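**Q** For reference, the chains in residue letters:
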Amino acid sequence: MTAKEICSHRLTIVTGHYGTGKTEFSVNLALALADEGEQVMMADLDIVNPYFRSRERKALLEDAGIRLICSSQACSDADVPALPAEVLTILENRDVRGVLDIGGDPVGARVLARFRPKILQEDHQLVYVLNANRPEVREPENAIAYLRAIEATTGLTCGGIVNNTHLCGETTEHEIRKGADLAERVSEETGIPVLCHVAEERFADHLRDLREPVFPITIKMKKPWEL
Amino acid sequence: MEKELWKGNEAIAEAAIRAGCDCFFGYPITPQSEVPEYMSAHLPKAGGVFVQSESEVAAINMVYGAAGAGMRAMTSSSSPGISLKQEGISYIAGAELPCVIVNCMRGGPGLGTIQPGQGDYYQATRGGGNGDYRTLVLSPSNVQEAVDYVQEAFDIADQYRNPVMVVMDGLIGQMMEPIEWHEVPKRDLAPKDWATTGRKDRDHNNIINSLYMDPEECDRHNDHLAEKYAAMEKNEVRWSETDCDDAEVVITAYGTPARIALTAIETLRSEGLKVGLFRPITLWPFPEEALRKLAKSDHVKAFVDVEMSSTGQMIDDVRLAVEGRKPVHYLGHAGGVMPTVEEMVEAAKKALKEVK
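Residue numbers (the numbering used here), protein chains in the order written: chain A, 33 to 259; chain B, 43 to 398.
Keep in mind that the hints were calculated from the coordinates and are not lab data. Owing to the predicted nature of the structure, the values given are computational and were not obtained by experimental measurement. There could be a bad hint or two in this list.
Straight-line distance between alpha carbons at most 27 Å, and here's what the computed BS3-like set of lysine-lysine pairs gives [stated by the list, open to error]: (1) B/K316 - B/K234; (2) A/K255 - B/K45; (3) B/K335 - B/K242; (4) B/K234 - B/K276; (5) A/K210 - A/K254; (6) B/K316 - B/K391; (7) B/K343 - A/K254; (8) B/K234 - B/K270; (9) A/K255 - B/K392; (10) B/K343 - B/K391; (11) A/K252 - A/K90; (12) B/K391 - A/K255; (13) B/K276 - B/K87; (14) B/K391 - A/K254; (15) B/K316 - A/K252; (16) B/K276 - B/K316; (17) B/K338 - B/K391; (18) B/K368 - B/K276; (19) B/K228 - B/K45; (20) A/K254 - A/K90; (21) B/K391 - A/K210; (22) B/K270 - B/K335; (23) B/K316 - B/K368; (24) B/K316 - A/K255.
Start from the sequences, fold in the hints, and give me the full structure.
**A** What follows is the structure, given as structure tokens:
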């Protein structure tokens, strides 16, 4: 299944509890869409985390022809919750596919509320990223509470769940399957479909039996000791 | 037990709660704000007290008060905020009170940058406050160690009635890593019969103070403190060595640079070059004897000290331990720029070439 089919709306808005791997998924999604020939723009709207933001991969994205919108260059390492006006170009330019990487938690998702009227006019999907190894969202009821809080803050309705269960370098197939179970339970409770299971390419072939498609990724948000 | 994925700062806060932290006083500053944020949500539920103070100065003085009343007290901040706490730390050390202080270091001097740094080594090991005092300083190099050391720090602080600092570069506070919650060794601790909890049926008042009007009494007090510091130097020194047994070049580093060094060493070893890592875990007391032993060995030809600091700070302790026996080179960056694997490989090769 192509990335375009998995995230089939013009705008994909990526939210979730922090640490679930939203940025890794967003960067890989933008690259995959670009690879499929789409004109892609990505917005780093993370006002919560000071480190490990998609803007750190600006050069990589630009090399793939993806325009990254983030806070002004001079402030890219500052913890100033200011949003660039260019975000509107993603929302208004219907020729581009947009990936919006939102900071963690309802607090981080608050930035979206300002754009709600515009987003509602567009073909969009709010995506909720789940990681069953994050203690605060590993139980379905907690995961759903977070999801509802994000919806309440943003005024948007979640349209899809992405299982991105991992343990950094210690991820195994078992972890991803554990996440698939959690995603399924959240999906059953809420009626929100599971869009895909994110897995590093090395696991992708072993997970073909999962009901939903596997979205293969390569790790882009590397730590300084990872070559 | 199954591993869980935690953000460093949240994990530190949870670790403190599990270690029986009664009181947390703090003030937000990047990159450590998740510690007070997590504490505000979870410490009261565990029966503790959380106060967001009006400043870092207030926070450390609240720690002073709570510790004096026998509570397990903690504060955390990042570099400029830790500077503000220095007066309080000196008072707490002078009054012989236990507490835990976490410094999630960013670049300096002044406001510097919010990106990770290690420029507070002098401040942590030499003390930014006045007088002859020491703080025991633990330095984790990953989230699991941060969790383990924070829990242990409370026991160490209680045992010596002295502040214990856990210092780490901002990266460790901000990153996500799998960790395991396991039992950390508990120490046999004396009851806090010195705490100011009301006179009750005692025959004397407990008084918390760092003021001595009589010079001889103050001298004796300092001698007593010095004995405590000597005991810490004897009992609490920690370090780790990787591939040092046959190493010709030894990299000295702590925190994240030590972790980067492990990858550099793998690369160097795969090319047949004998390079090892010496990582101090306690920055004070510094593992001087262990490093001196390496400096005295025939196989070690040179040292390369690596820090997230422009001039190097730990390098002073490395030189004091090496005592001029072998050359000590330096590689470092400040401002949140991290030394890379490639730079370490190159620095080790250069050091090796010079002595061959």
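**Q** Compare the structure with each hint and give your call.
**A** Now for the hints, and whether the structure bears them out:
1. B/K316 - B/K234: violated (50 Å)
2. A/K255 - B/K45: holds (20 Å)
3. B/K335 - B/K242: Since the Cα atoms of B/K335 and B/K242 sit roughly 53 Å apart, the hinted pair is violated (cutoff 27 Å).
4. B/K234 - B/K276: The hint holds at about 24 Å.
5. A/K210 - A/K254: Measuring from Cα to Cα gives roughly 24 Å; hence the hint holds.
6. B/K316 - B/K391: The given pair, whose Cα atoms are some 10 Å apart, holds under the 27 Å limit.
7. B/K343 - A/K254: violated (33 Å)
8. B/K234 - B/K270: Distance ~17 Å between B/K234 and B/K270 Cα, so the pair holds.
9. A/K255 - B/K392: holds (25 Å)
10. B/K343 - B/K391: holds (12 Å)
11. A/K252 - A/K90: holds (11 Å)
12. B/K391 - A/K255: Measuring from Cα to Cα gives roughly 23 Å; hence the hint holds.
13. B/K276 - B/K87: Cα-Cα ~39 Å, so violated.
14. B/K391 - A/K254: holds (25 Å)
15. B/K316 - A/K252: violated (31 Å)
16. B/K276 - B/K316: violated (31 Å)
17. B/K338 - B/K391: holds (21 Å)
18. B/K368 - B/K276: Holds, at roughly 26 Å.
19. B/K228 - B/K45: holds (22 Å)
20. A/K254 - A/K90: holds (14 Å)
21. B/K391 - A/K210: Between B/K391 and A/K210 the Cα gap is close to 45 Å, so the pair fails against 27 Å, i.e. violated.
22. B/K270 - B/K335: Distance ~25 Å between B/K270 and B/K335 Cα, so the pair holds.
23. B/K316 - B/K368: Holds, at about 16 Å.
24. B/K316 - A/K255: holds (25 Å)
When held up to the earlier numbered hints, the structure conflicts with 1, 3, 7, 13, 15, 16 and 21 and fits the remainder.
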